[in-house]
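K.L.:
The lines below spell out each chain.
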Amino acid sequence: MGFEKFGHVSFTSQTKTDAFVEYLVKDEIRATKCRKCGRVFFPPQADCSSCLESDMDWVKVEGNGKIISFTKVNYGPTGFESDVPYILALADFGEVKVFGRFSKEIPEEQIKVGMEVKIQAVSLPNGQVSYQFIRD
Amino acid sequence: MPKDVAIIGVGQSTFVRNYEGSIRELAFEAYSEAMKDAGITNSDVSASIICSAPEYDKQRSPAGLMAEYLGLNPQPTFALESVCSSSTSGLRVGYALIKSGLHDIVVVLGFQKMSEITSADSQERMGRGADIMWESPFGTMMPAYYAMHARAHFARYGTTEEDLALIRVKATKYGTLNERAVYRKQLTLEQCLNSEYIASPLKKFDCCANADGSSCMILASADRAKEISKKPVWILGLGSGTASLTMTGRDALDGLNCARVAAKEAYEMAGVGPQDIDVAEVHDCFTIAEMMAYENLGFAEPGKGAELIREGETYLEGKIPVNVDGGLLSKGHPIGATGGSQVRTIVLQLRGEAGDIQVPGAEIGLVHNIGGVGIYGNVAILGR
Chain B
1 MGFEKFGHVS
11 FTSQTKTDAF
21 VEYLVKDEIR
31 ATKCRKCGRV
41 FFPPQADCSS
51 CLESDMDWVK
61 VEGNGKIISF
71 TKVNYGPTGF
81 ESDVPYILAL
91 ADFGEVKVFG
101 RFSKEIPEEQ
111 IKVGMEVKIQ
121 AVSLPNGQVS
131 YQFIRD
Chain F
1001 MPKDVAIIGV
1011 GQSTFVRNYE
1021 GSIRELAFEA
1031 YSEAMKDAGI
1041 TNSDVSASII
1051 CSAPEYDKQR
1061 SPAGLMAEYL
1071 GLNPQPTFAL
1081 ESVCSSSTSG
1091 LRVGYALIKS
1101 GLHDIVVVLG
1111 FQKMSEITSA
1121 DSQERMGRGA
1131 DIMWESPFGT
1141 MMPAYYAMHA
1151 RAHFARYGTT
1161 EEDLALIRVK
1171 ATKYGTLNER
1181 AVYRKQLTLE
1191 QCLNSEYIAS
1201 PLKKFDCCAN
1211 ADGSSCMILA
1221 SADRAKEISK
1231 KPVWILGLGS
1241 GTASLTMTGR
1251 DALDGLNCAR
1261 VAAKEAYEMA
1271 GVGPQDIDVA
1281 EVHDCFTIAE
1291 MMAYENLGFA
1301 EPGKGAELIR
1311 EGETYLEGKI
1321 PVNVDGGLLS
1331 KGHPIGATGG
1341 SQVRTIVLQL
1351 RGEAGDIQVP
1361 GAEIGLVHNI
1371 GGVGIYGNVA
1381 ILGR
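Residue numbers (our numbering), protein chains in the order written: chain B, 1 to 136; chain F, 1001 to 1384.
Chain F extracted, bound-state conformation (with noise of 0.2 angstroms):
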């Protein structure tokens, strides 16, 4: 198992519908927590990566601002996106600078304030979120692509709907132990239910909410780790991987390819598998996702992703716990930020840090990222 790059360093915003303040301040809240948890200063930091989807910000460069803002003047720094997986892309830039030498303590931030604009021009470009040329003008959104995954699962191994609101109902269980959630809720199965369709057989409770919110990691080259942290969480495996924006260029529709590419990269690269994993964070933008995250990580072999839910498997005391922070159904989908909170809840997990939420004894966790409807997907294999 490599052990070339750790994370010394991990920290959050609350995730909220209406952050009130400004970009830089949003990004400020994570930074800091995240510098303070590492113990070191802005002069240990080599560089920095900035992950935002820039349809959301009304600044331009966003990257320049923080590392005036945040105090990493006059080092490097690089703005970067995959749409909703951009923080993990930066997580896979930073171990790159690191692993090549070129720097030795790199900080990766995430961001999003998707209040940032107004909310005709949120749905806006949500329309635009697809192939511009030939899928746009027939009035797409994000919902109605997984909507169109959904059915197709449904259609080829006979998940139905109520299989998806169990993933929402675990969702938010999670969710009311979770302070830095925007949504706190329990909902029962009848509630998800009978919820209405947003783009069938997808319902409102099977879609997460949007939200501002930031995350940052702050990684450091092995040398640099064991001389500064007490509890290094190592960068086992990393993986990534892409498939077609339109949905024509896929081969089906009852998976995400780029996820399975990158799971078995990560995996390869750890020298470990599926069975291997204490704790896993997956993208449950819609609870299909998650579904499909169980068959295209391993957890369950493809078409039986929804026996897992059913036999409570992905719960806390299951087989392999997943999202049991809440999840993006529950925590909300802070773009650029959400992949970095994903990352922050395995590494709390593995320094036994968690909490109500701590998988006892988890050795090795792993967090699946996705950027738009599985264009982008990025598996990372942390472990102690």
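Bound conformation, chain B alone (with noise of 0.2 angstroms):
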């Protein structure tokens, strides 16, 4: 399965972390650890940037995020204009931080910085994958 699976809009197609889109359609937020020195790394890379090896495991991400910062997103890039609006936004889950789009069922009065939330993975009516955050 290809990476340009991942997303509303996919810019990429080959990468050696294409597992992430297997573990995707199967509900599983996956990010990669170093065997060698144990740094993890989300989004997924398939090289260490500390140690300079490539020998990588798939970890899941999982428990509740805290939240960073967020958007709501008026006007859209190319590909996107169909889609607006939708919320940006950063969550901490203490070993790694994730970038993504809230569900849309989640009304922007209700997020606010701090609040924890969970990700799960979601199919897109375009037959893509992609993952979003939800209450907790």
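Incorrect hints may have been included.
Claimed, not checked - Pulled a few chain B residues facing chain F out of the computed Cβ check, cut under 7 angstroms:
1) 43
2) 45
3) 69
4) 71
5) 73
6) 97
7) 113
8) 125
As the list claims (entries may be wrong) - Stretch by stretch, here's where chain B covers chain F in the computed footprint (C-beta under 8 angstroms, at least three residues):
9) 1128 to 1136
10) 1141 to 1149
11) 1238 to 1248
12) 1302 to 1309
These are calculated hints, taken from the structure and not from any lab test. Even for Gly, the Cβ is constructed at its ideal location relative to N, Cα and C.
The task is to assemble the complex, starting from two chains supplied on their own in separate frames and drawing on the hints.
P.N.:
In structure tokens:
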């Protein structure tokens, strides 16, 4: 399965981390972890920039994250025009931070910096797969 | 204070929405003005550095074209890109070329004709200004990223939308005085606050406009500067830094670390501190960017940037005048040309030639120029 399946609009088809999509289809959000030094990467990296090795494990991103910041986007770039408005956010899951979108079911008024969220995999209407933040 | 490399000439085109000419003609406007300002001819120039963000160019490798059109063959030319900070990256490389002894007079030319591509193409490129594997697929844009920095600043420090609007009001005041700016209307606080949200909490008037424009700086070694120039402006300090392209790689979003790193290096090299700066040009692509610059440059303590603008301290009469040429918010932001335009404003200030916006007796000025959403940060400290 190619990486072009990831996201509302994809810009990349080939990467050594395309297993991310296979996990996503199985409702799992995974990060990579360096087998040598133990550093965890999200977004996943095929290569470790700490010890310069390329021997990685896939580990689950689980539990609650804390919202660091968010924004409601009213004007989108090409390919996202019919998708607006949507809410982008950055959340801290402890070992890693995750950038993504909020579920459209959660209105902006209910989102606060510091609120706890979980992430879940989603299938999009255009056949793509992604993940989103939902309320804890 | 090091006085090894000087700026002996500056030039800038008028910044416009749609330049009715080609990129070579746009570049010529800034180049010819800077060369006349320096009082030198093409054969005096030892090398050129051409700065632009190539995704807006149809011409492949524009440095070659510019060297020919501006009359700079057979001297070497180099292309340089760091998105919105390209021309201050050019300043740093130009400084190094001269300090190394390889060249004695270097032209740093920045240009961007953002209207060269269609609006649809431009929108498409904007979506790719982030990590295209992991962030662009969610529909990211520049305003959204700066909006997330604004929200984080609000949450941590209690900064408000009104504080940001005050920055735009200041920018429009000085925009009315700048004949080379795109946006020249005065806006009221109410107009700024009532404009529509682009990416909350940033509104239309928190954002600068795209523009076409060019800028040019002529750099010279100390010997050549003393021989040629009556009013050389010296590069006293330079600093550059980077931060992660991805938001996930950042410790916090309430400031730009690349700017902190760059400021520290520049202050140390110049042997001065924020309290010594008489006038500053900071990268206000969005109002929140100017607010973070106040703090990252040390003009205010972290979280106290809002007090500076509330008390009017960054106006011409204030403690530290910032962007009294209208900033990017008024001038417009022709990516590759922006940093050179900021440097030009400070050079004119230090020469006492800034006209209506002259800060009386300005001796030391600072330029802060950011590429991308805080990916690249350049700070330059200039003095008489």
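K.L.:
Hint by hint, note whether the structure agrees.
P.N.:
Hint-by-hint comparison with the structure:
Against a cut-off of 7 angstroms between C-beta atoms, the interface hint on residue 43(B) holds, since the closest Cβ of chain F lies about 4 angstroms away. For residue 45(B), the suggested interface contact is broken, since its CB lies about 10 angstroms from the closest CB of chain F, more than 7 angstroms. A hinted interface residue such as residue 69(B) counts as satisfied when its beta carbon comes closer than 7 angstroms to some beta carbon of chain F; here the least separation is about 4 angstroms, so the hint holds. Checking residue 71(B) against chain F by beta carbon gives a least distance of about 4 angstroms; that is within 7 angstroms, so the hint holds.
Using the Cβ-Cβ criterion of 7 angstroms, the hint placing residue 73(B) at the interface with chain F is satisfied: the shortest such distance is roughly 5 angstroms. Hint status for residue 97(B): holds, given a least beta-carbon distance of 4 angstroms to chain F, under 7 angstroms. For the restraint placing residue 113(B) at the interface with chain F, the shortest Cβ-Cβ distance is roughly 4 angstroms, inside the 7 angstroms limit, so the hint holds. Interface hint status for residue 125(B): violated, as the beta-carbon distance to the closest one in chain F is roughly 15 angstroms, over 7 angstroms.
Proximity of the region 1128 to 1136 of chain F to chain B, defined as three or more residues with a beta carbon under 8 angstroms from a beta carbon of that chain, is established by the 7 residues found. With 6 residues carrying a beta carbon less than 8 angstroms from a beta carbon of chain B, the region 1141 to 1149 of chain F meets the three-residue requirement, and the given coverage holds. Note: the region 1238 to 1248 of chain F has 3 residues with beta-carbon separation from chain B under 8 angstroms; the three-residue rule is met and the coverage holds. Counting residues of the region 1302 to 1309 of chain F whose CB lies closer than 8 angstroms to any CB of chain B gives 0, which falls below the minimum of 3, so the coverage claim is violated.
In the structure shown, a violation is registered for the earlier hints numbered 2, 8 and 12, in ascending order.
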